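Enquirer: Chains as they are written, first to last, in numbering that gives the first Met the number 0: chain A, 0 to 353; chain B, 0 to 272.
It cannot be assumed that every hint is accurate.
Said to hold, decoys possible - No more than 25 Å apart at the CA atoms, straight line, and that leaves these computed lysine-lysine pairs for DSS-like:
no., chain 1, residue 1, chain 2, residue 2
1, B, K247, B, K37
2, A, K150, A, K234
3, A, K234, A, K220
4, A, K350, A, K234
5, A, K234, B, K247
6, A, K220, B, K92
7, B, K92, A, K150
8, B, K29, B, K92
9, B, K37, A, K150
10, B, K150, B, K247
11, B, K37, B, K92
12, B, K247, B, K29
Just so you know, the hints here were simulated from the structure itself, not pulled from any lab data.
Model, not experiment: these values are computed from the prediction.
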Amino acid sequence: MSAQPSPTSPASGAPPRKGSVDLATEFLDRSSPLGRIRNLLHRYPALSPGIVLVAAVIIFGVISPRFFFVSNLSLITQQVAVVGTLAIAQTLIILTAGIDLSVGAIMVLASLVMAQTASANHVPAPLALVIGLIVGLLAGAVNGALVTRLKLPPFIVTLGTLNVFLAVSLLYSNGASVIGQQIPDLITSTGNTFSVDGVGITYGVVIMLVLYIVMAFVMTKTAWGRHVYAVGDDKESARLAGISVNRVLLSVYIAAGAILAIGAWIQIGRADAASPNAGTDLNLDSITAVVIGGTSLFGGRGTIWGSLLGALIVGVFRNGLALAGLDVLYQTLAVGILIIVAVSLDQWIRKARS
Amino acid sequence: MDPKGTQLTITEGDRPSSTLPYSQPVLQAKALVKTYGKVVGLDGVDLELYQGEVLAVIGDNGAGKSTLIKCLTGAEIPDTGELWLNGRRVQFKRPQDAKHYGIETVYQGLAVSPALDIASNLYLGREIREQGFAGTVLRIMDTRLMRANAKQELDRLGISTLQDVTVAIENLSGGQRQAVAVARAAAFGSKVVILDEPTAALGVRESGQVLDLIRRLRDEGIPVILVSHNMPQVFEVADRIHIQRLGKRAAVITPQSHSMTEAVAIMTGASTE
Ligand SMILES: Nc1ncnc2c1ncn2[C@@H]1O[C@H](COP(=O)(O)OP(=O)(O)OP(=O)(O)O)[C@@H](O)[C@H]1O
Ligand SMILES: [Mg+2]
């Protein structure tokens, strides 16, 4: 029996049934302006991060004229490329009501494998990239298998694999980085720039944007994307509706692993090196981007594009505050406040439905 | 692709009069047992559903009605016992197995996805893809067609207040959600429709409309299993009544053979026949 029931049209051919089942009226709270805003934010989860980003750009532009310098804008995009890519993987997992603490560790492992196989083992660069991709897929599959087979909470699973993958990375690399000169050009090419109206854009940024376009498309236009939302929304309902919940979950973790491997490639170009210590901040930063981007930690609600906005917001805040001459600790403070505001907003929006 | 024609045959126009059991049940359960640890949910339950009938299942809270429904539809796998569909032995390991055979269910608690819209819920797990390259290679869903079909289906079922099929389920009232769940089952149930307390959240008038829908399904040749606590409703719509008590089938009666009081007496154990 196939897992995906074949597309069926509803009991076609039967004559129209007469009569009317006139059920209770809609009870949407449209009365107060606040209620209306809440419904709007509820329907378009990327709206609030979009507004925050535009506001932040305007404010920082006013504070510091250097903000709009092309060199600065291209710097922001480069700073966002890796976190932005990891945030795509994180979004998929958070949409299923999970969380992945191991994204940074998987990315580091994949980047070391790409760099080491190409440099130390002299594997051709394209093959090295493919091997790195496979390592990412396998790492994701390990997380997915633990979540679906052992029924462990994703938080615990990825807390464990975070340490496992980091330890494996350190063992594999002997704790040493692979520097850019030793790595073939193809693998570091994600850090190369081309110019659009004077703004230097790296190929890594382009890859990230392509990934966003592809994944946003997959999530909104394909049945798989819809099933990911359904599983995160209510697992039991999804199961009873005929969705293979475990299969969806496993595929989400594997897809995330693949995206993380691509993130590894971007990271090598950005740093012009593969380092076992690169991923430490990236776990939390990716979660930050997703949460600020309007995706609910409770699953089933959010958008892929929101996470790009979230990553850009964090990048713009860090950059803008630095340009304004404030200490790094204020950047950290600002990001912390952003997270709390974003989660409070999510709670408030969700309360509209209880 | 379509299991209807190939796997099963139903002789149309050969429906029994509503009270007389038909020779072969459409759906039959034999000695179903389901335990949860030490709790015995089902203790050897038989059930027969015949063509052209509404079979009500009644019983006290915890009597095993929902467990029975789940075991009939692949939502739970019985420990032992057999399921037969039109004279063929079947085994449902997952809900989609039962759906595959045209058995659709409204589970107690509805099992709808709140964040998804009405059309997405109706087609959840059986999305229609676009024709050609976009559908087969890019796997794009034909959202427009699904919405149009959903709208048409709701109109056909006479569910008129659900005008906008792009509204998320969580924006609907309890009764409207129930209507979506019932509509999904009615729309896709080509062999059997099973409803576990489908009128629990509905007002008097709305309940009456669901009962109308149940009758229409039966008249279209689709037998219905209805779980309900509402005795007047059961006696109004059912052809036969399966009484579940303490995980067992206590009796099968008809609204003609027994009164409501007698049915309640069997349900509570005050009487056995
Ligand atoms: N998932 C489960 N785990 C453990 N016990 C369960 C589970 N599901 C049902 N049971 C037990 O099985 C028995 C039958 O439950 P069931 O839900 O079938 O009753 P019911 O007749 O549908 O009741 P109600 O009228 O309240 O819906 C109860 O004792 C219940 O506690
Ligand atoms: Mg029940």
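Enquirer: Evaluate each hint against the coordinates.
Expert: Now for the hints, and whether the structure bears them out:
1. B:K247 / B:K37: holds, 16 Å
2. A:K150 / A:K234: Holds - the C-alpha atoms of K234 (chain A) and K150 (chain A) are around 13 Å apart, at most 25 Å.
3. A:K234 / A:K220: Holds. K234 (chain A) to K220 (chain A) sits at ~21 Å (cutoff 25 Å).
4. A:K350 / A:K234: holds, 20 Å
5. A:K234 / B:K247: violated, 30 Å
6. A:K220 / B:K92: Distance of about 29 Å is beyond 25 Å: violated.
7. B:K92 / A:K150: holds, 19 Å
8. B:K29 / B:K92: holds, 17 Å
9. B:K37 / A:K150: Cα-Cα ~22 Å, so holds.
10. B:K150 / B:K247: violated, 41 Å
11. B:K37 / B:K92: Measuring from Cα to Cα gives roughly 22 Å; hence the hint holds.
12. B:K247 / B:K29: holds, 12 Å
Of the hints listed earlier, those the structure fails to meet are numbers 5, 6 and 10, in rising order.
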